[in-house]
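Trainee: Let's have the full structure, built from the sequences with the hints guiding it.
Protein chains: 2
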Amino acid sequence: MQHWPRRIAIVGVGLLGASVAKSLRESFGELHVTAVVRDPRKGEVLVENRVADVFTHSVAVASEAADVVVIATPVDRIADFVMQAAVASKPDCLVTDVGSTKRGIVDAVAMDALAAKKFVAAHPIAGSEKTGAEHSCADLFRGKVTVLTPSDQTLPELLSRAEAFWQATGSRTVVMSPADHDLHLASVSHVPHLASSAVAKLVCPESADLVGSGWLDITRVAAGDPAMWLAICQENRVAIENQLACLIDSIDDCRRMLKDHDDAGLLRWLEEAKTIRDQTKPSTLD
Amino acid sequence: MQHWPRRIAIVGVGLLGASVAKSLRESFGELHVTAVVRDPRKGEVLVENRVADVFTHSVAVASEAADVVVIATPVDRIADFVMQAAVASKPDCLVTDVGSTKRGIVDAVAMDALAAKKFVAAHPIAGSEKTGAEHSCADLFRGKVTVLTPSDQTLPELLSRAEAFWQATGSRTVVMSPADHDLHLASVSHVPHLASSAVAKLVCPESADLVGSGWLDITRVAAGDPAMWLAICQENRVAIENQLACLIDSIDDCRRMLKDHDDAGLLRWLEEAKTIRDQTKPSTLD
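For the protein sequence lines, the chains are A and B, in the order given.
Quick note: the first sequence uses our numbering, first residue 1231, plus one each step.
Quick note: the second sequence uses our numbering, first residue 1231, plus one each step.
Hints are not guaranteed to be accurate.
Which copy is meant is left open, so a pair is good if it fits within one copy or across any two.
Stated by the list, open to error - Capping the alpha-carbon separation at 25 Å, the derived lysine-lysine pairs in PhoX-like fashion look like this: (1) K1511 - K1360; (2) K1272 - K1320; (3) K1360 - K1504; (4) K1347 - K1320; (5) K1272 - K1347.
In case anyone wonders, no lab produced these hints; they're calculated from the structure.
Mentor: Structure representation (C-alpha cells):
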C-alpha cells in the first residue's frame, strides 16, 4: 500500500497530536493534515506553523476524506470521538488514538460495530510534563514503544496497517490486550506519577529551599496536567488502585525494616531496586 | 583572612570530595590538596589528574599542616574521622564534612571537646546517582545550597570561616540546627529516594519494556549506591520513619479517593502537588 496515508485527521492537537503530524510529514512528503480544534485561533496557528494544512471544529468534516483519523484528546473523550469519526469516514479508514489507558476505550468502542471495525487502539509511550502543540516535535516518538491493543473484532489487515502507521512516526510497535496494557501501565506510569505527586506534597515552605537534583527528577512529572491525570485515574481505576496498594506495602516494608533495625533486609530492598533500575533501559530502535 | 586556606586535606575522595578540591582550585590559585585514600592506586590517579598534590592513607598525616580538613566519606564513618583530624591538626584548623545527615554526626563529635571546637558540620546539597572521583567537576556546587549545622559549642568566628569555605566552592550557605536539617532532608531527599526505589520495584519483566521518560526520571536516584543510602537511613532513622509514614498516608488518601470515586478530592490532591512542584525551584545564585 504505497502512498498511504495521503490524508490524515488529528482530533485534539496538543503535544502528542501535533507530534504525530510532524513525524508523519517527515516520513511522507505529501501528506494532507486536517486539525480538529475547538478554538479557531489555535487552528490558525497550526496552519501557520505547517503542522496542519486546514482546520475545522467538526470531527465529521475532518474524517470524511481521511485515510487515518488519530484521536489525541484526553482519555475520557476518546471513545466518543472514535465513534464520531467511524460514522463519517470512508469504509477503509483507520481510526486510532494516543490514550494512556486502553480497556475502557476499547470496551466502549466495542458497543458500536462500525467503530469497532475501524478502530485500532494505540498508546505511544512518549510525552512530557509540558503540554501543548508548541512543545511538539517530529522525533517525539523516535525509538519509543507504541503499544497497540486490538480487540477481538480487529481484523489482522487493519492491525497491520496500524502497525505501519505508528512505525512511520518512528516508534516500535508491540501488541497486547487492553487489560494487560492497563495493568502494566498502572505499574510503570500511572502509579509512579501518583508517587511523584505524593513526594512533592512532602515539601513544606521551610524545606523548599533544600531540594536537590534528585527531588527535581522524582517530582518532574507531578507538574503534569491534573485534569489529564484525573481522567487517566478514572479510566484505569482498578489496576491503579491495586498497584497503589502494592506500592504502599513496599514502602511500609521499608519503614518496618527501618524501625526494626533490620539493616540486612533494608540493604537487600535497596539493592533490588538498584538492580531493576540498572537493568531497565528505555527502548530504542538503535 | 587573605590566602586562606592554603592547604586542605580531603578524607574520602569520591564524587563530592574530588569536586570540593576541583572547585577550590578554581577559587584559589595556589592551593595544596592532600588526598586521604586507602588504595594507593586511586591516590596516584588523583595526583595524575591534578585533583590532589599528594596522597596518604593516614588522616593524621594529612591533617597536620592543613588549614581545612574535609571529611567526605559515607555518613557512618564521618564522626570518627572528624575526631582523628581534630587530634592531629593545628589549633586553628577547620574540620568540616559533606554528610547528608547531621544530628548523629554532630552529637557524636560533641562528646569530644577538642573535635567539637574545630568542627562545623556541612551538607552541600549536590550530587548524583553517579559516584566516584571520575564524575567530579569544579562546578558541582555552583548555585547549590550548602547547609551548615553548628552545635552549641561552635564559635561564631569558626562558623564564619566555614561559610567562607563553602561559598568558595560556589555554593550558597544556610545555617540551621542539625535536627531541623535532618527533618527537612528526610522530607526532600531521604524519603523521596526510598519512594523512588519503591517505584522501581513495581516493574516486572513483562512491563519493563513499557517504561517511559517519566519512569526514568522518577527512578533515576534508585540507581544510587545502596550501602551509602543504608548508612543515611541508619543515621536519620526516626525522621525518615516519620516522613515515610506521612508518605504512606498521602498515597493511601489518594488510593481511598480513587476507590470511593471522589474525583473532586483526587483532582485537588493532584493540583496541590502540581502547585508545590511548580513553586519549588532549585536554588541558584543567579
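Trainee: Could you tell me which of the hints above the structure violates, numbers in ascending order?
Mentor: 2 and 5
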